[in-house]
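Q: Spelled out, the chains give:
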Amino acid sequence: MTDGPLIVQSDKTLLLDIDHPLSTECRRAIAPFAELERSPEHIHTYRLTPLGLWNARAAGHDAEQVIDTLIKYSRYSVPHSILIDVAETMSRYGRLRLEADPVHGLILVTTDTAVLEEVIRARKIAPLLGARIDAETIAVLPSQRGHIKQSLLRLGWPAEDFAGYVDGQAHPIELVQKDWQIRPYQELAAEGFWHGGSGVVVLPCGAGKTIVGAAAMAHAKATTLILVTNTIAARQWREELLKRTTLNEDEIGEYSGAKKEIRPVTIATYQVMTKKKNGVYAHLDLFDTHDWGLIIYDEVHLLPAPIFRFTADIQSRRRLGLTATLVREDGMEGEVFSLIGPKRYDVPWKEIEAQGYIAPAECIEVRVNLTEGERLLYATAEPENRYRTCATTRTKRNVVETLVKKHAGEQILVIGQYITQLDELAEVLGVPLIKGDTPIKEREILFNKFRTGEITCLVVSKVANFSIDLPDATIAIQVSGAFGSRQEEAQRLGRILRPKSDGRSAKFYSVISRDTIDQDFAQNRQRFLAEQGYSYKIIDADDVYLDKI
Amino acid sequence: MEIRSFSDYLRSVDDAAFLNLFSSRPDLVIPVPPDIASLAVRACSPPSLARAIDSLNKWQFQVLEAACVLNEPFTAKRLIAITDKAADGALTHLISIGLVYPSEDGMRLPTPLRDVLGSEPAGLGPESLAKLTLTELENAPTDAKKVLERLIWGPPRGSVGDIKNPGSGVAWLLERKFLVPLDQRTVILPREVGLFLRGGKTHRESFTNPPELIGVKREIRQINLAAIANISTVLRWIEELLNFWAEEPADALRAGGLGVRDLKILATHLGVDEACAAFITELAYLTSLISIDANDRIMPSNKFDVWLMQTPADRWQVLTSAWLTTSRVSGLVGRADTRNVAALGPELDRVNAARVRALTLSILNENPELAPNIKSFIEFLTWRAPVRRNSLLQDELATWTLREAEWLGLTGQGAFSKYGIDFLSGGDLNLINSDLPKTVDHILIQSDNTAIAPGPLEHEISQQLAIMAEIESRGGATVYRFSEATIRRALDHGKTGDEIRAFLLKTSKTPMPQPLDYLISDVAKKHGKLRIGNTASFIRCEDTSLITQIMNDKKLEVLSLRRIAPEVVICEREATDAMRILRDAGYLPAAESQHGMLLSGPQSKRAQTKPRPPRIIGEIETPDEDQLNSAIRAIRTGEKSRHKQTHLRQIASEALGALPRNSANETMDLINRFIQEEKSLSIGYADNNGAVTHRIIDPIRVSAGALIARDHATGEVQSFRIPRITGVAPL
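From first to last, the protein sequence lines stand for chains Z and E. Using the working numbering, read the first sequence as starting at 1 and increasing by one per residue. Using the working numbering, read the second sequence as starting at 1 and increasing by one per residue.
Just so you know, these hints were derived from the structure itself, not from any lab. Given the structure is predicted, the values throughout are model-derived calculations rather than measurements. Some hints could be false.
Now the stretches of chain E that chain Z is said to cover, found in silico as 3 or more residues with beta-carbon under 8 Å [said to hold, decoys possible]:
hint: 1; segment: 406-415
hint: 2; segment: 449-462
hint: 3; segment: 472-478
hint: 4; segment: 506-516
Between beta-carbon pairs, the in silico distance windows are [unchecked claim]:
hint: 5; chain 1: E; residue 1: K526; chain 2: Z; residue 2: A482; range: 22 to 32 Å
hint: 6; chain 1: E; residue 1: E499; chain 2: Z; residue 2: D542; range: 45 to 55 Å
hint: 7; chain 1: E; residue 1: R221; chain 2: Z; residue 2: A59; range: 24 to 34 Å
hint: 8; chain 1: Z; residue 1: K72; chain 2: E; residue 2: E369; range: 17 to 27 Å
hint: 9; chain 1: Z; residue 1: A59; chain 2: E; residue 2: A485; range: 40 to 50 Å
hint: 10; chain 1: E; residue 1: H493; chain 2: Z; residue 2: A482; range: 30 to 40 Å
hint: 11; chain 1: Z; residue 1: G503; chain 2: E; residue 2: R261; range: 54 to 64 Å
Beta carbons: idealized from backbone N, C-alpha and C, even for Gly.
If we strip away everything but chain Z, and leave its shape as in the complex, we get (with noise of 0.2 Å):
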């Protein structure tokens, strides 16, 4: 037994003491293949899955380096069955290699027959491959590189690819640093995606993403699709390319419902490339018909299904991810790696808020409780409208309201699920509410309102859930969600998160209706910031009115 600060559990977890003095070394060791998976305050877990021994693989690391130190840092002794696991599952990457033949085209190359053999038998791969050309190498259909390397992952035999990417466009990009740095962590996550060729980058809300992609950008230098959530963040990835490269506007296109612009930087809406025209998708043919050297995926945990199955096609261009949760409901993490790329870069929040990066943020929950004709309601609601029925009941409204006129002279921002109960907010309090029928004119000028102080506080619906950014809101009040979204809560928390001027910490209030399941759902999206160390404090609506918070 050493005094490491790691525990290496037989079930593939990595507990990382981060109390221990030698936590720092030791996370820098292992994050190369290993998964973080949650970070509160004092152990961190990592996870080893075959997808994250690859990658490191792919990034020359090899299974004795790992082996090395997991028993290096490891306070009790690794399980023999982990020791071999890891040899096994790094000696299966590298077998099969995606390679660009002159005459051929795309080939598909191994070291060893058996595993070729095995591969070209399986059902999903056959129909994928062309001609065989020797006992070792077989075409690939061009099309078909993100299919093929999907599959094979799942077959457990990762193709290394060597094919390369296009160069696209060539067009000059530079990042302009006169009033501003590019933060360590920013060239990091850059560089790292830059040297991995495709990956995600995973980084906290506020911690200036955009800048990632603009660096990115900036090692292309080439013509660049970024993809977006809505028109509104569309227009803030063109104010900050202005102002952080040397793009001019005519350089950046934006193509939205309302614009339909190509230019060497084009942005482009989910919302549009997904838009059905007579059946088909209009406008998803902007992947092709353009010589791209870069495409970015903003926000990549909301990619939409059929950009999933466009994406698959288009694996000889760089693309890069950007996100700040990569915990998607619906269970899709997996296909956004093997589609976009590896995780390149992963930090954990609290970290960057250590640094100074990101506004430090203290999560209180509000229990309010029911009156006995509210409970009555809502132990006879019907099971649909039950989590509607405890996440709007007027009890919430007082809170809300004492809570804004408490933090009066901050920027404040209401945000809810459903659009009467902000229709109710909006009116009662006299502010502006933003939701998804304003005009997106409106929503501009009212969100400049408030960046400029002019307005102190808004009712916001979930369109303000993402990209958005306020950089002195410090007060958000959560009155309903999208039942237990862990990633909306983190979202939501991220729309405060930017550094505030005068150094304050910003309060991320969330109004919950005691002993009904709202409560419940409220655990379960409080899950994902608990896991990156956001404690929540819990309070009586009581302490709220008497003002003891």
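Once you've looked at the hints, dock chain E against the given chain Z.
A: Quick look at chain E alone, frame taken from chain Z:
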């Protein structure tokens, strides 16, 4: 003393030789035979011989086969001539375990040995009756050579279309008696021809030395570290298994054993694969820690409570010893071709399992610091114990044994650990207690509602925590997750919210996160709002004054009534009794049918029945030297008294002029000897009615409890049942 038979030989050897013989063939002294004649009979019985043969390695077996090829008596020189120089050593071993014995004119084999080995040792046929000119073989025509090539390395039989019309090659050989017709379609190659063609050697290759055992060299420190981790894991598995079934006993299948579904559930719970889960289950079963009760429920026996008090070293020793000696093979569970073999079921016994295990461990022990490659290990094992009898599975058994030895921590990273060495040599295992990672007495609670024990937890704490939280990850550390369900479970176990909180505050090194605090009080607040209890009967009445009246009625005190609501009273007596008593007291009750399930909280259950661990078949434990020495003394004493008895009996029978009389063992001994010497015998033989007649016979062989012999009176070959032979005397 003149040595004429195996028993004579046994009488001539010293105690040291006995000791040697008995330690390699313990079945000879279990139970201790009364005298040397009985010992000789037992040593010559086919089952005992077969066991002795099983203990030979490939080379010793080759030498034994060669000895069978020779005519008795033979010399060591002759044996070496047809095998290899190294046969000398092998012969000494064969003599020491009583498979060959020296008589005054040379080496001899115990008579039934040839039967045990089969009629064609080393693939050589019987001796030729005719005189052969072997040199002619060199000039055999090509056709004949082709035939010979096919028969040379055995089996020596070949089939021909029709013996009357053979091919030219066969005809040439038949003519010169190099082939002998056996029946219409079969010919056989005589032994001399076979040996001649093999260049005078019985085997193509003499496997005098074992193949090299290849594997990976490991560092001692790493081996022991890995082994101790395995030991702590296997002990944890057992405890978790028992706690799991204490909470929720599994149901045994009607055909016996644990169902596939339950095994899967268990495997998931323990976080291991099904093979490993089956192994753990079997271990607990072997050591009587689980019991299958009369209702076919599988749950911990009360030995589990004792077990918890034992030190880890003791627990481990119990597990390992049971595993080493059992004939049950958990590896068979869920194998593709034996899908329906269930863990804990009746079909897991395999005779040679314990032997393979013992052998595997001793090979590992002989090769310190080596983690053998499986293929090489099996080759090595096959040399040490060539597959002959019960050969099925030997390779798989070896593979499973290596796997299980690792699970048990006998090996670490595949190489034999110091704990394994100490276990085999009977050394001090207390080392384990000090080498196991120190237990920790605290946990770290985090705000995502998990708690982490950064090492093996003290038993009491882990017991408590297991009730309050779900285990999410196991290994050196344990990760627990709290949820509403787990807190409720703790409350169901009789804890209060405050107790849970106090326990966590005391145990946790980190402050209790507020959400967990709230979770506990929220659940505690809701828990127990509904009350459920058992009662024999109830009395209800809408008239509360009547209820008050019966509550105060002295005559009804026997009912021990309790008023649980203004209109409801519960009663300890059955409804019919209550009804009678109420009527006797002058009330007019009416019966009400009752519905509803009675619920009781889960508790840690123990089987009421005594554990019946599975029977072990097959192997006999090797007795220690003391036991052997006392066995030798007993035999010597028996021998002396036998001499006296035989002498007395002879005097008696001479006086009576009766038929020969011997004890059963003497009879067998004499018969064996006379079969070998081909002499005529006089025997007394009892008929169906018990009348003893005198017969003169030529013994031929002993088969299936009967002596096959030619009766001089009838001239026919007849079988005489051995129990009916009253005595034997030479003529």
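Q: Each of the hints needs a verdict: does it hold here or not?
A: Hint-by-hint comparison with the structure:
1. 406-415: holds (count 4)
2. 449-462: With 5 residues in contact (Cβ-Cβ under 8 Å with chain Z), the coverage given for the segment 449-462 of chain E holds.
3. 472-478: holds (count 5)
4. 506-516: Since three or more residues must qualify, the claim that chain Z covers the segment 506-516 of chain E holds, with 4 doing so at under 8 Å.
5. E/K526 to Z/A482: 22 to 32 Å: Between E/K526 and Z/A482, where Cβ atoms are some 26 Å apart, the hint holds.
6. E/E499 to Z/D542: 45 to 55 Å: violated (27 Å)
7. E/R221 to Z/A59: 24 to 34 Å: Hint holds: Cβ distance 31 Å, inside 24 to 34 Å.
8. Z/K72 to E/E369: 17 to 27 Å: holds (22 Å)
9. Z/A59 to E/A485: 40 to 50 Å: holds (41 Å)
10. E/H493 to Z/A482: 30 to 40 Å: holds (36 Å)
11. Z/G503 to E/R261: 54 to 64 Å: holds (59 Å)
Checked against the numbered hints above, the structure breaks only hint 6 and satisfies the rest.
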